[in-house]
Amino acid sequence: MQEGARWYVVHTYSGYENKVASNLEKTVENRQLHDLIQEIRVPTETVTEIKDNKKREVERKIFPGYVLVKMILTDESWYVVRNIRGCTGFVGPSSKPIPLTDAEVAKLGVETKEVEVSYSVGDSVHINGGPLEGFVGLVEEVDVEKNRVRVMVSMFGRETPVELELNQVELVE
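With the UniProt record's numbering applied, the sequence shown corresponds to residues 1 to 173, in that order.
Certain hints may be false.
[To be verified] Between beta-carbon pairs, the in silico distance windows are:
| hint | residue 1 | residue 2 | range |
| --- | --- | --- | --- |
| 1 | N53 | R82 | 45 to 53 angstroms |
| 2 | E29 | E59 | 40 to 48 angstroms |
| 3 | E165 | R85 | 36 to 44 angstroms |
| 4 | K107 | R82 | 35 to 43 angstroms |
| 5 | K107 | E49 | 21 to 29 angstroms |
[What the hints assert, rightly or not] Cut-off 30 angstroms, straight-line C-alpha distance, at most; resulting in silico cross-link-like pairs (DSSO-like, lysine-lysine):
| hint | residue 1 | residue 2 |
| --- | --- | --- |
| 6 | K26 | K96 |
| 7 | K107 | K96 |
| 8 | K96 | K61 |
| 9 | K70 | K96 |
| 10 | K51 | K96 |
| 11 | K107 | K26 |
Hints are computed from structural coordinates only; laboratory data are not their basis.
Just so we're clear, the structure is a prediction, and the values are computed from it rather than from any experiment.
Glycine residues also receive a C-beta, built at the ideal position from the N, C-alpha and C atoms.
The whole structure should be built from the sequences, with the hints applied where relevant.
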């Protein structure tokens, strides 16, 4: 069933995002709809705010008025989401839900894909993507959380540090 689940955007009244998400989670729990509606997210980011010379960590909504729902679209799941108090409908033409594309989901950072790294600091790697494709370099730093790797590449007789995504390099055999 997992293959059919896609991410949809639900429009809510402003300020009701968390209430809609919690009500939807309760409804899914009560009606045993875990196989249809799998995940509910309110995209937020943590921002450091400076007010009166004091730093504060504040959590802000990235898209006020919207909730992301991962679900298999059926008449029942559509009806359940559509009739949650505070929900004004799905994003799409004439309330017909349009799922997010894989690229949009990746850009929003809603789903994180685990990348298996077969190299470590000090290993020689071959760059297989980006503007430096074909170059060989030495791994200097690996940051799995940020999906980044720093590689020292020799260009024009100089060692140059380059930041790449984890999947843009592979271990030299």
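*Within a Cα-Cα threshold of 30 angstroms, do K107 and K26 meet the stated pairing?*
Roughly 28 angstroms separates the two Cα atoms, so the pair holds.
*35 to 43 angstroms as the expected CB spacing between R82 and K107, which holds or is violated*: The hint (35 to 43 angstroms, Cβ to Cβ) is violated, given that K107 and R82 are roughly 26 angstroms apart.
*asked:* Please verify whether K51 and K96 have alpha carbons no more than 30 angstroms apart.
replied: The given pair, whose Cα atoms are some 43 angstroms apart, is violated under the 30 angstroms limit.
*Does K96 lie within 30 angstroms of K26 when you go C-alpha to C-alpha?*
holds (24 angstroms)
*For the range 21 to 29 angstroms, tell me whether the beta carbons of K107 and E49 fit it or not.*
holds (25 angstroms)
*Would you mind confirming whether the straight-line C-alpha gap from K70 to K96 stays at or under 30 angstroms?*
holds (16 angstroms)
*Between K96 and K61, does the CA-CA distance stay at or below 30 angstroms?*
holds (25 angstroms)
*Has the given pair, K107 with K96, been kept, meaning a C-alpha gap of at most 30 angstroms?*
holds (23 angstroms)
_C-beta pair N53, R82: status relative to the range 45 to 53 angstroms that was hinted_ = holds (47 angstroms)
*asked:* Just to be sure I understand the hint, the distance between the Cβ atoms of E165 and R85 should be within 36 to 44 angstroms; is that true here?
replied: Given range 36 to 44 angstroms: holds, Cβ gap about 42 angstroms.
*At the C-beta level, are E29 and E59 separated by a distance inside 40 to 48 angstroms?*
violated (24 angstroms)
Checked against the numbered hints listed earlier, the structure breaks hints 2, 4 and 10; every other hint is satisfied.
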